[in-house]
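Number of protein chains: 2
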Amino acid sequence: MTRDDCAGLDAGDVLAPLREQFDIPAGTIYLDGNSLGVLPRAAVDRVRQVVAEEWGQGLIQSWNDAGWIEQPQRVGDKIARLIGASPGEVVAADSTSLNLYKVLSVALTLMKADAPERRVIVSERDNFPTDLYIAESLARQHGFELKLVAADEIAQAVDSSVAVLMLTQVNYRTGRMHAMAEVTAAAHAAGALVIWDLCHSVGAVPVDLAASDADFAIGCGYKYLNGGPGAPAFLWLHPRHAARMDREQLWQPLAGWLGHAAPFAFTTDYRPAAGVARFVCGTPSIIALAALECGVDTVLAAEPFGGMQALRRKSIALTDLFIELVEQRCAGHGLELQSPRDPALRGSQASFLRGDGGYAIVQALIARGVIGDFRAPGLLRFGFTPLYVRFVDVWDAVEQLRQVLESAEWQQPRFQKTSAVT
Amino acid sequence: MTRDDCAGLDAGDVLAPLREQFDIPAGTIYLDGNSLGVLPRAAVDRVRQVVAEEWGQGLIQSWNDAGWIEQPQRVGDKIARLIGASPGEVVAADSTSLNLYKVLSVALTLMKADAPERRVIVSERDNFPTDLYIAESLARQHGFELKLVAADEIAQAVDSSVAVLMLTQVNYRTGRMHAMAEVTAAAHAAGALVIWDLCHSVGAVPVDLAASDADFAIGCGYKYLNGGPGAPAFLWLHPRHAARMDREQLWQPLAGWLGHAAPFAFTTDYRPAAGVARFVCGTPSIIALAALECGVDTVLAAEPFGGMQALRRKSIALTDLFIELVEQRCAGHGLELQSPRDPALRGSQASFLRGDGGYAIVQALIARGVIGDFRAPGLLRFGFTPLYVRFVDVWDAVEQLRQVLESAEWQQPRFQKTSAVT
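Line by line, the protein sequences give chains A and B. Position 233 of the first sequence, counting from 1, maps to 233 under our numbering, and the rest follow consecutively. Position 107 of the second sequence, counting from 1, maps to 107 under our numbering, and the rest follow consecutively.
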């Protein structure tokens with residue numbers, strides 16, 4: 001494999017034109033779309049339009065005239081196409097943490113009614129921390145136990161004491177991916193509900209919530225969806241739970257006015273909106289939702305080229321190539337693959353463990369224009385967004401990594417840790 | 001009083017130049033800043049900069065390099081100057097509904113520890129609905145009773161059964177304003193904590209949380225702060241409660257990762273950040289916070305001209321003039337003042353009740369370029385933001401209202417109700 005071979009792969013890539021949707025800084029190879037996706041070109045004009053025209057000129061009337069009021073549902077419907085959900089089943093709102101709080105609260109409420117003897121929430125010990133913090137908060141409030149286990153202990157842990165299994169499908173550190181349908185089926189067989197965090201899945205791997213018979217899902221707008229820093233998150237629940245919430249008039253705990261059945265009636269009593277609409281809480285940022293919509297559109301733009309299946313094929317090819325080249329060309333530098341080698345078990349990233357200097361190596365790489373990130377302790381993390389990462393980018397990134405390691409330039413003081421934010 | 005007299009008042013208004021901060025559509029008189037503030041000119045460029053440069057070019061490194069990570073605190077510190085709080089006591093984050101959920105949860109938790117026999121939350125029956133919905137949700141969860149009373153029944157209602165008094169200082173319908181210090185002192189004397197919703201206060205009337213000895217406060221970024229549609233909200237708690245939460249390591253329920261003491265340590269266990277910083281939950285929208293900061297800056301720009309005290313004097317003059325002119329020039333059309341006549345008891349708005357046609361009258365006014373709003377049932381609501389509303393605007397608005405009423409043009413079918421969003 002040579003750089004020319006990589007250029008050949010790019011030349012034959014039917015998805016290659018999708019890169020033109022983005023404004024990627026010159027000289028930058030961006031392998032951090034799993035942390036913050038790049039800027040869609042369309043977002044600059046669209047956000048300007050929302051600010052200068054819809055807000056500036058349309059003012060309060062834009063809630064009707066510009067469709068602001070339907071924005072959580074409209075963007076939700078677009079996200080639904082990426083995760084095997086139907087129109088009307090997804091809303092875009094709030095943050096991942098807040099959306100997890102909503103659905104986990106509901107899941108616990110349902111289980112307290114259906115199986116009050118089940119008092120355990122199971123999750124993975126190395127789930128993304130915010131999920132664990134929110135779960136611990138709810139466990140305290142509702143009198144549940146949060147039980148954290150290793151990935152290979154999950155099946156065994158989901159026993160007759162368990163109410164809810166809460167997992168992030170693709171691990172933020174290693175990229176290891178759970179088989180959603182199988183894990184869900186096993187948990188259902190054991191009598192538990194399943195919540196899926198799709199933060200590192202949506203836009204990265206094909207997700208089919210309906211076919212997986214999942215119960216609840218949430219996810220992030222600013223990673224593979226390219227929705228901008230701190231973009232609103234999303235939330236889905238299975239229609240059987242939505243119907244039950246309607247039938248029993250169940251609340252979600254963050255019962256804000258925009259989740260009311262008739263917010264502009266300004267009634268004293270809360271009456272939840274139908275279905276997933278009750279999961280909107282307060283007034284959402286219209287500007288942030290507009291940027292998110294542009295980001296989601298960049299992923300939907302792959303539909304004519306095979307959609308998520310085609311993106312997945314390219315993602316696997318990019319990631320396999322990166323792993324292969326690092327192991328060939330950076331051999332002897334103590335980089336140990338922490339991601340599954342089998343692409344079927346892996347999301348769209350590759351992580352390598354290094355005993356020391358990991359942070360500085362990433363900083364030295366960034367100084368050379370190759371942006372990955374570092375996750376303590378010791379993990380060098382590289383994400384591959386097939387919408388805009390090219391095969392030559394993979395080649396060039398590994399070449400830069402090789403030079404950083406061989407020159408030992410990462411040992412320079414300027415690359416050592418100076419900030420808490422990585 | 002003539003239009004020329006109004007022009008004379010504008011000519012003598014030291015705050016008049018502050019209007020240049022805004023981009024108000026030609027031909028529009030905007031009396032709805034209590035619903036959505038107008039666009040600060042600076043926001044167009046600033047948002048473009050955040051999108052195109054900080055996100056587009058700086059990418060993930062902008063969390064450090066552009067100071068994104070400190071944005072909730074930086075914007076909070078600016079808002080603190082408008083509400084009698086100190087630096088480090090306020091964060092900008094999430095929505096008003098969510099922030100109320102956080103502080104009311106904490107207040108109930110504190111009271112369950114200190115006075116477990118107190119199981120009542122008191123609020124006003126015509127408080128803004130989202131506050132009531134959130135309070136009802138928390139009352140259910142924590143086993144409290146939400147008791148709703150009329151404004152003049154509050155003092156009597158706060159007895160030895162009451163844990164928390166939760167009030168919006170300025171009523172969204174009538175503009176009636178509570179005396180924060182007196183009400184707080186009376187509630188404290190009765191043994192209750194007090195939460196103030198400042199949605200219709202901040203940027204509209206001087207607020208001094210410290211001098212009022214309030215316990216908790218929350219408020220809105222998109223009304224008088226001009227932060228844009230669905231702008232992030234803010235949250236304050238008294239330093240005595242912040243110190244206690246630190247001492248006792250108390251959580252707020254929405255325990256997301258950015259409220260962790262060390263979010264980038266990615267630890268499994270939640271450990272709250274010090275003081276108000278623990279009230280940040282998930283990753284905030286950086287674009288929305290940037291727009292909000294521009295809005296807050298437009299209010300802080302009044303500081304050299306006398307700040308909130310000067311804005312308040314002009315607000316009262318504008319609102320008094322509007323009431324006087326409506327009662328003179330629109331007499332006989334069934335408009336009945338619903339706001340207090342005494343400006344000391346009133347925020348920065350004037351509301352009139354009309355038995356029928358209120359919605360259509362507002363629509364006909366909007367068609368003439370005068371934007372107020374309608375709140376069911378029957379309330380015509382006009383807000384006066386002294387940063388950009390002129391005395392001639394008040395004259396012209398009343399003249400248009402007079403013509404709408406005298407011509408009966410509001411009876412045209414096109415002005416009748418067609419949408420749920422008002």
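Bear in mind the hints are in silico, worked out from the structure with no lab data behind them. Check the hints yourself; a few may be wrong.
Because identical chains share one entry, a pair is satisfied inside a single copy or across any pair of copies.
[Stated by the list, open to error] Dumping the calculated EDC-like pairs for lysine to aspartate or glutamate here, alpha-carbon to alpha-carbon at most 16 angstroms:
| # | residue 1 | residue 2 |
| --- | --- | --- |
| 1 | Lys147 | Glu303 |
| 2 | Lys417 | Glu406 |
| 3 | Lys112 | Asp297 |
| 4 | Lys417 | Asp65 |
| 5 | Lys147 | Asp269 |
| 6 | Lys78 | Asp297 |
| 7 | Lys147 | Glu324 |
**Q.** Intra- versus inter-copy proximity for Asp65 and Lys417 (alpha-carbon distance at most 16 angstroms)
**A.** For Lys417 and Asp65, the Cα distance is within 16 angstroms only across copies (14 angstroms; inside one copy 50 angstroms).
Q.
As a check of your reading, is Lys147 near Glu324 (CA-CA no more than 16 angstroms) within one copy, between copies, both or neither?
A. neither (37 angstroms within a copy, 66 angstroms between copies)
Q: Have a look at Lys78 and Asp297 and pick one of within, between, both or neither, based on CA distance no larger than 16 angstroms.
A: Result: close within a single copy only, 8 angstroms intra versus 35 angstroms inter.
Q) For Lys417 vs Glu406, is the C-alpha pair at or below 16 angstroms within one copy, between two copies, both, or neither? A) Classified as neither; 20 angstroms inside a copy, 72 angstroms across copies.
(Q) Treating 16 angstroms as the Cα threshold, decide for Lys147 and Asp269: within, between, both or neither. (A) between (37 angstroms within a copy, 12 angstroms between copies)
(Q) At most 16 angstroms between CA atoms: does that hold for Lys112 and Asp297 within a copy, between copies, both, or neither? (A) neither (39 angstroms within a copy, 48 angstroms between copies)
Q: Could you figure out if Lys147 and Glu303 sit no more than 16 angstroms apart (CA to CA) within one copy, between two copies, both or neither?
A: Neither. Shortest intra-copy (40 angstroms) and inter-copy (53 angstroms) distances fail the 16 angstroms Cα cut-off.
Hint compliance for this structure: hints 1, 2, 3 and 7 are not met, and every other hint is.
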